[in-house]
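One line per chain: the protein sequences are R, H and B, in this order.
Counting from 1, one number per residue, gives the positions in the first sequence under the working numbering.
Counting from 660, one number per residue, gives the positions in the second sequence under the working numbering.
Counting from 974, one number per residue, gives the positions in the third sequence under the working numbering.
Any given hint could be a false lead.
Pulled a few chain R residues facing chain B out of the computed Cβ check, cut under 10 Å [claimed, not checked]:
(1) P278
(2) L332
(3) K334
(4) I409
(5) G415
(6) Y418
(7) F436
(8) A449
(9) I460
(10) M491
(11) A495
(12) R514
(13) Y621
To be clear, the hints were calculated from the coordinates, so they are not data collected in a lab.
These numbers come from a predicted model, not from an experiment.
C-beta atoms are modelled at their ideal positions from N, C-alpha and C, and glycine is treated no differently.
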Amino acid sequence: MREKIFEAKDVVIKFNLRGHTLTAIRGASIDLYDGETLAIVGESGSGKSVFTKSFIGMLDTNGWVEQGEMLLDGVNIAKYKTEKEWLKVRGKKIAMVFQDPMTSLNPVKTIGEQIREVITYQFGTDKAQAKKEAIELLRQVGINDPELRYKQYPHEFSGGMRQRVVIATAIACRPKILICDEPTTALDVTVQAQILDLIKRLQKEMDMSVIYITHDLGVVANVADRVAVMYAGQIVEHGLANEIFKDARHPYTKALLMSLPQLGVKGHELHSIKGTPPNLYKEIKGDAFAPRNPDAMKVDYEYEPPFFKVSDTHYAKTWLMSDKAANYRAELAKAHEQTEKIEPLPPKDYSNGKKLVSVRNLYVNFKLNRKEFSAVKDVSFDIYEGETFSLVGESGSGKTTTGKAIMKICHTSSGDIYYDGMKVNGKMNNHELTEFRKNVQMIFQDPMASLNERAKVDYIISEGLYNFHLFKNEKERKQKVIDAMHSVGLMEEYATRFPHEFSGGQRQRIGIARALAVEPRFIIADEPISALDVSIRAQVINLLNRLKAEKGFTYMFIAHDLSVVRFISDRIAVMYKGRIVELAESEELFLNPLHPYTNALLQAAPVPDPDIERGKKLVVYNPAMHDYATDKPAWTEIKKGHFVWANEREADEYRKILK
Amino acid sequence: MTRYLLSKLGQAIVTIVLVVLVVFALLRFMPTAGYFSKEQYKEMSDAEKNAYLRNMGVLDPLPTQLYNFVSGLFKGDLGRSITLYPNMPISTVLGEKIPYSLLLNFISWFVSAIIGIPLGMAMAGNKSGIVDGLGTLYVVIIRAVPSIIIHFFIQVFLSRWFDLPMLFYMDQPVSWILPVVSMSIGSIAGYATWLRRYVVDEENKDYIKFATVKGLPKRFIMWRHIFRNAIVPIAINIPSDFLLMLSGSLVIESMYAIPGTGGLLIKSITAMDNPLVQILVLLYGALSVLGVFLGDIVVSFVDPRIKLVGGNDD
Amino acid sequence: MESNAKNNPTPNINDIPDALFTRAEFHEELSEEAGFSNYSYWRSTIRTFFKSTVVKVIVALLIALVAYTVIYPMITDRDPYAVALSAREWNLPPSAEHPFGTDGVGRDIWARVWFGTRTSLLLSLAVAIFEVGLGVIIGAIWGFYRKLDTLMFAIYNTLTNVPSTIYLVLIAYIMKPSIFTIMIALVATGWISEARWFRSRILALREADYNIASICLKTPPKRIISRNVVPYLVSLIIMDVALTIPSSIGSEVFLSFIGVGLPADLCTLGNLVNQGRSAFLVYPYQMICPTLILCFITISFYIIGNKFADASDPRNHV
């Protein structure tokens, strides 16, 4: 066993909020060993961020450590109160990297200055020497031309590059522990893979211990030696990465892993976790997860379980592991065996049906700093009635703009969009517009922003009913609202509440109810689950799929998360910098990706399996690899239904690959 | 760079033209009596008055008047004062008065900056503490109580307590103290509140939290990081503040009998000295527009994100 | 409230009855209960607002003062314009009969102050309502129709690039001195800044996802404004009105000072202060008394406006 370098014992952290004292961390303990990577996994409100922030004295001013110890080099830093005490720890012993690199750097100072000042301040190094060291650090984190970049300002760097600078700053004082708080959540998948690689490399080079805070199990599988799972302010299970991924014991961990779309069987429901995670206001009795666990025992509602040992390195805080629950364990295992194996349904072919939406040679141009650029370039595709069509791409790929253009909430520069034979872009008469708005609806990415905070749920869901006069009397309207709420799994009592009384997942369901109350035919879902907690993503995916089956919706799904896309889509189009580079039937695309960008994207997406993740090689897409000087690219059908943006030579190669 | 400056300059010119037009039109609503001195008005017959007005061009159609006024401007002829300084060229009037306003305002601008900025930083650094409380009390009084009342009490009581002259004399620098105090107290409150607000806004940003995590002490972060950012929105106003010095302070100059440009405007309006009013308004407008224009340029130096040259990216 | 205090301490495992280690019934509604507080925007705003003692005291005093100015003319038979013929009644110091003394022609300052307060409050309230009202309406139109940008910015630049005092003086001078003139002058110089401020608020609101959702549902603009926009502006409007009152009173004093304000014989706080000023060195109470009342009103509204602004920001609802 390696040496223990940090230990937090029975930490309780409280907050003052709106006149209440709330407990954010309810007695959490963790050990950190020399040179290891520990991942703390949890969803929003689990307290993972608060817990780790307390290691470095960065709790918000209304929070404090009520009890517990945090031992660093034999000193209990939980007792630290003054800035002077914390200065001994921050940067030198424990450093931290934040989630959003776009806001972590001072916009008006050069990045070199921001690294150099730490070195000068902490070690008293003279400026010239500190500058040399800063440039060396920039080189170390993989920034080309560090001498030149040293003098530049943050806005001259892309998101991924900024995160490299942030990391360089954090390691400038050679800390023993690096805390990374969702360091790649704000980044694109391909950039994320590079940053994860960088942190792994630096950890070895500098012999640091790294604490990773994340909600993404794929990232955990990629980086973690050990994993701790947090729920409602407590660590509920911890163990080596393989133990957690292959042999989870806590019902929450198990449910979380089972609900991942990678494990879903196409055409069937995903395993989903019921309900919604508790927030700080909820009174917790017994096992916090019990109310969401259909297999909970009576004791879970009564008493908080202790940790039970699974192996020397693996502990789980659940009554299920106690000797007294042996009978119940057997009962569950038997029930599990009896569930029948389900086979994936064969892909459906909708291409003989009606074309509901057609996009032809669409361009959307924007002006930025007086320079015009095309956010969407020559995009054409059809969506057939009844299918789920997905647009996948990274930020800036134009996928959302395309969705908005179809939704008629964004201008188009040229090209045509047709819905059910009607031309959508350009002028529409009032009758056509009504027809279009009634039949085409949108589900938004951010459930916190997409509901009017000052209106009751009843009004929000009725909004479309009023606009299209879809009811004869008040009773019918109420009934329609209740029906819509039931079909998204919300209780009808919620109709009189305001949006802020709901969690993110519940709010997203209200947004879906609002869209489906007007009985549309076509729904554009713009990243509908990316802002949601992991444990409720499966619920929403299932809901969307169920509604499709029941009401015959056609979906256009806009997403960056490939695992979800694969599970939910019939056909997928991959966008890169405004252009569709590849379009194919879902499984075909995943099995035979042709375009190098598609390949890079598929490779970069983390898979929640440590064995696969550890052996993974990074593929970086470089657009300069295409030689389009003479041989111009075109939209080419390589095999039936599988299109690629390629020139003649590339198309020939692709054909060979498929044969 | 040049294109950006030209478009800004174009906007500035459009604004000045509009200001002139509006004021010009407003002044035509004023009674024609304003074009005579008091004696003239009493002595002249109606026919004489009409002839006088026609001679001055006041009875011409509005476009002609406007043309004459503008073409005069281009020739460098600002016109002549009528009632206030009968027949004196306005350029002479301004030439005599501007130095007084410039002197006092420059001193008070300097005083407000060196007191107001540290005060704002101290208030932000001591949020909800004694310094902040006293500073806030000061700001509330200065901003809520009508400024005339404050200036009046300063004039009456400070002159009594510190035995200072109540009026301004150019050759007695000690008599400059009270006008400068009066002029500064408002802008001190202005600098302090704005700076405090910007600092408090910046303090909650991620990059400040990151700087804290790097292990830098609060004082260091306050001055080397927050201050640099918080000063940006203040810097934009520095040229305006500076240029508007020329225009003097309306109330204070008349209270202390300072022969500057500030009192001039009110006097010229009450004396119905239309040509003078026109020129003064034009001057204010031009200075303020120029101030905004220069403010944009200053900001581009303080804030690297704002580039007068086209942006670049990696 | 201690949210987790009720958690039973876990007993020794051997003491827990075996019967508890069996399946519990699953309740859907329990799983959906996230435990969100029954937070209400307005309740929290008002609670935060009244948390400070200063605010409580100021609001109470202000209510009392306003009530008194309303009641005073009903309970007194003293005429604020009544001139005393006898010089013995002139310039009297404060006494039981004349709480604030009398002025140079023997008018009772106490009576004049309360009549003046009423006039000034009504004037500034009217100015505030018109100015903010105009600002909201024009700001809303401006925010929703981007084509107006060129025109509105031209107006904005023209009006704000010249110190507003110049327009104020010009308008006040061109028109005959009256309450109406002052109102027009103040509203005419103030509305554009309000409009610009509300425009930026409305632009931010307009881009919000929930408004785009309403557009996708073809909600008519009328209802978008009444249901999606106005409810978010209410607190801003209240704050703005509260802050415009002291500045209107200040402008009235300023205009009286340079002699283009209300007719000098009308009772307003501005006139009272300026009349008192000329006699200040000999009879200081003639200025001090009206000034104290005036300052109390302006400071109170200023503090209320700012505290309300803080309280209406959800980030401060802690």
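Hints versus structure:
1. Satisfaction of the interface hint for P278/R is found here, the shortest Cβ-Cβ separation to chain B being roughly 5 Å, below the 10 Å cut-off.
2. Checking L332/R against chain B by beta carbon gives a least distance of about 9 Å; that is within 10 Å, so the hint holds.
3. A cut of 10 Å between beta carbons decides the hint on K334/R: the least distance to chain B is about 13 Å, and the hint is violated.
4. Restraint check, I409/R versus chain B: the minimum CB separation of about 6 Å is within 10 Å; hint holds.
5. The restraint placing G415/R at the interface with chain B is violated, with a minimum CB-CB distance near 21 Å, outside the 10 Å limit.
6. Among the interface hints, the one on Y418/R is violated; its C-beta lies about 18 Å from the nearest C-beta in chain B, farther than the 10 Å criterion.
7. The interface hint given for F436/R holds, since its Cβ lies 9 Å from the closest Cβ of chain B, which is under the 10 Å cut-off.
8. At a threshold of 10 Å, the smallest CB-CB gap from A449/R to chain B is about 4 Å, leaving the interface hint in force.
9. For the restraint placing I460/R at the interface with chain B, the shortest Cβ-Cβ distance is roughly 8 Å, inside the 10 Å limit, so the hint holds.
10. At a threshold of 10 Å, the smallest CB-CB gap from M491/R to chain B is about 6 Å, leaving the interface hint in force.
11. The interface hint given for A495/R is broken, as the beta carbon of that residue sits about 14 Å from the closest beta carbon of chain B, more than 10 Å.
12. Interface restraint check: R514/R against chain B, minimum CB-CB distance 7 Å, threshold 10 Å, status holds.
13. Of the supplied interface hints, the one on Y621/R is violated, with its beta-carbon coming no nearer than about 31 Å to a beta-carbon of chain B, more than 10 Å.
Checked against the numbered hints above, the structure violates hints 3, 5, 6, 11 and 13; every other hint is satisfied.
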